[in-house]
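Here the structure of chain A is known, so what remains is to put chain B in place on it, guided by the hints.
Read off the chains here:
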Amino acid sequence: MNKFKLVMLSGAWCAFALGMVHSQAVELEVTHWWTSGGEAAAVKVFADAFNDGGDVWADGAIAGGGSIARPVIISRILGGEPMGATQLNQGRQAEELIEEGLMLDLTELAEKEGWRDFVRPAKLLDSCTLDGKIYCVPINIHSFQWMWVSLAAYNKAGLEPPADWYEFVASSQALRGAGIVPLAVGGQAWQLSGMFGTLFAGLSGVDNWRKVYIDRDEDALRGGITANVWRAFGDARDLQAKNNTVQNWNDATTQVINGKAGAQIMGDWAQAEFALAGLTAGKEYDCLPGLGIAPVLDASGDAFYFPKVDDPEIVQAQLRMASMMMSAEIQVAFNLVKGSLPIRGDVDMDEANECMNKGLAVLENENNVLPSGDQTFSPDTQGQLEDLIIEFWSDPDMDPADAQAIFADIILDAD
Amino acid sequence: MNTSKRPNLWLRNMSAKVAAVPMIATALIVFVGCSVWSVVYSFTSSRSLPKENFVGLKQYERLFSSNRWVESVENVFIFGICTLVFSLIVGFSLAVLLDQKIRFENTFRTIFLYPFALSFMVTGLVWQWMLNPQLGVASVVRNLGFENFEILLLSSREYSIYAIVIAGLWQGTGLVMVLMLAGLRGIDQDIWKASRVDGIPAWKTYLFIVVPMMRPVFVTTLVIIASGIVKVYDLVLAMTQGGPGISSEVPAKYVYDYMFGRANLGQGLAASTVMLSTVLIVLIPWSYMEFRDKQEKSV
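Chains as they are written, first to last, in the numbering used here: chain A, 1 to 415; chain B, 1001 to 1299.
Don't read these hints as lab results, they were simulated from the structure.
Glycine included, C-beta positions come from ideal geometry on N, C-alpha and C.
Treat the hints loosely; a few may be bogus.
To be verified - Here are some, though not all, of the chain B residues that point toward chain A, as calculated from beta-carbon distances under 8 Å: (1) R1068; (2) P1212; (3) N1264.
As the list claims (entries may be wrong) - Over the 10 Å line for every Cβ pair with chain A, so calculated as not near, a few chain B residues: (4) G1033; (5) V1073; (6) L1152.
For reference, chain A alone in the conformation it holds in the complex (with noise of 0.2 Å):
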């Protein structure tokens, strides 16, 4: 056999093993934003699943948070260059992407796998879809009222770990004089307002916050239950640290996880640094969904959609993926890793943490979950209450009844 005839027929070989390769994997661009050490551990949940099934996950992860994500990842899909798969927020954004018939239908997937039987709660499935057609895949459940309790603190403080809001504000004087902050807070306005939502949601119980905030009852707004709540707010105002300048939620968490703060109402995303410092649930830390009073959780979270592509094969690629991301044990090994509670009620999470059972406990009860703030008002109106509550936040003159008078009016005006 003469070289030339070796090389015709290597190449031949290639181009065949190529053929191959090309008509079964399918590279899909994976775009999204979790770039912090325990997202991106997750994503290589995905990435090896979707690996494993035979296909190529291309990661596309975009550094600087959804902020800045969101505007390329849009831009993309709108320029006509549209990636495989992305992350992106429910919501008005998607929607009108979804109007301009920009994305993926993935009725028939969902139909055939039974989507509807198996998500809990409804309402995460409800988010994705649009005119009765499902166009995105939710893949978590995050919620932001939790409380985290540094049971270091307490230990070295020489006191019971408070089981709720109550006790914890009972202790906050023994805390102090242990040379503890009794509650640790980032300033960053998203975070105090969070808080306010967290303390409304956890004193009040779900009916009130329900009154509230959907129903607008005047006399639930004035009422002594709402302000039951600014004085609980106000009581957290005195409970931060002197002059405090905390900004970022992570910074504060560290300050749990140290043992210098007692607490800090934070997402469970704060879990995730818990875990990265190596704390056990239970045994370093604590968690109090719902602030130890009412089992409440917003259950808001991530999901994935898939923009509209001519090419069949790519499209057989995106419905692969959709299905291994609902699938039952990428469903557990994902949200293991990335902290959040998974979106399937049929699954068991025996390796779960004990604060993502309690979680789980909580979500058990479709009436324990809010909607989220997103749908209840408009931005407008969000922007005020934001102004309103840091400005009491930052004011220690201001009483909570006059706060609590410019509330009611603010949501009795809102459209």
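For chain B alone, kept in the frame of chain A given last:
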């Protein structure tokens, strides 16, 4: 008849008038037209898109009952007065010092003007870092041994607006200085010789002869500073985001937030209309006076 002797006023200098038409049209359509549009829609309940459902003065009632707007207006007054007074005084003093035929004048001029080359965004970030209670200048001084030293400008409700004033002055005073220096250089040397012959001390010459002669320079500078005050936005955004709480909010930020972030066009336009009318209330009597002065002089 008179008209037959004098050509029609409208037809004189035809080419110059034709050339000015695009500029006039731009001014009318863009400035006047858009301002009128803004004012009209400030009386509507427009959300993210302009709609003609008029609601009277509702937006204005809401505006003035909002704590944030009242705080914003107070802040822009504090910022405005401090900036005007200090940048004029410091800028003029620096210009006078540079005017003493010193060595390395070019070097000093460059150094003082340099901050002006930075955007407000960068200025704000730099000062935010410097005034940061944990990392900034405060920490340097603490490391020198003064362990209780603290700069709490940025984290205090009472003083956060002054932190913004400081950053604004640092950025803008150089420009005022250069304008003043140009004005000083435009003063005829014979005046200095004359005042020296009369034995008038230098500071008196500056204050009572040179400053009145520099009136046009002061007017120009005033307009530049004043427009900077009204539109201050990015400096606040970079330094404090309006915080702590709402203690360093400014009107321009209110307008921006409501028009874009909070999808309430009517409220944003009502706020911008109030800003516009405040400027006009100051500007109209002033320009009227200026205009009348010139007429009297020409007579």
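Quick one: which hint numbers does this structure break? Sort them smallest to largest.
Hints 2, 6 contradicted; others consistent.
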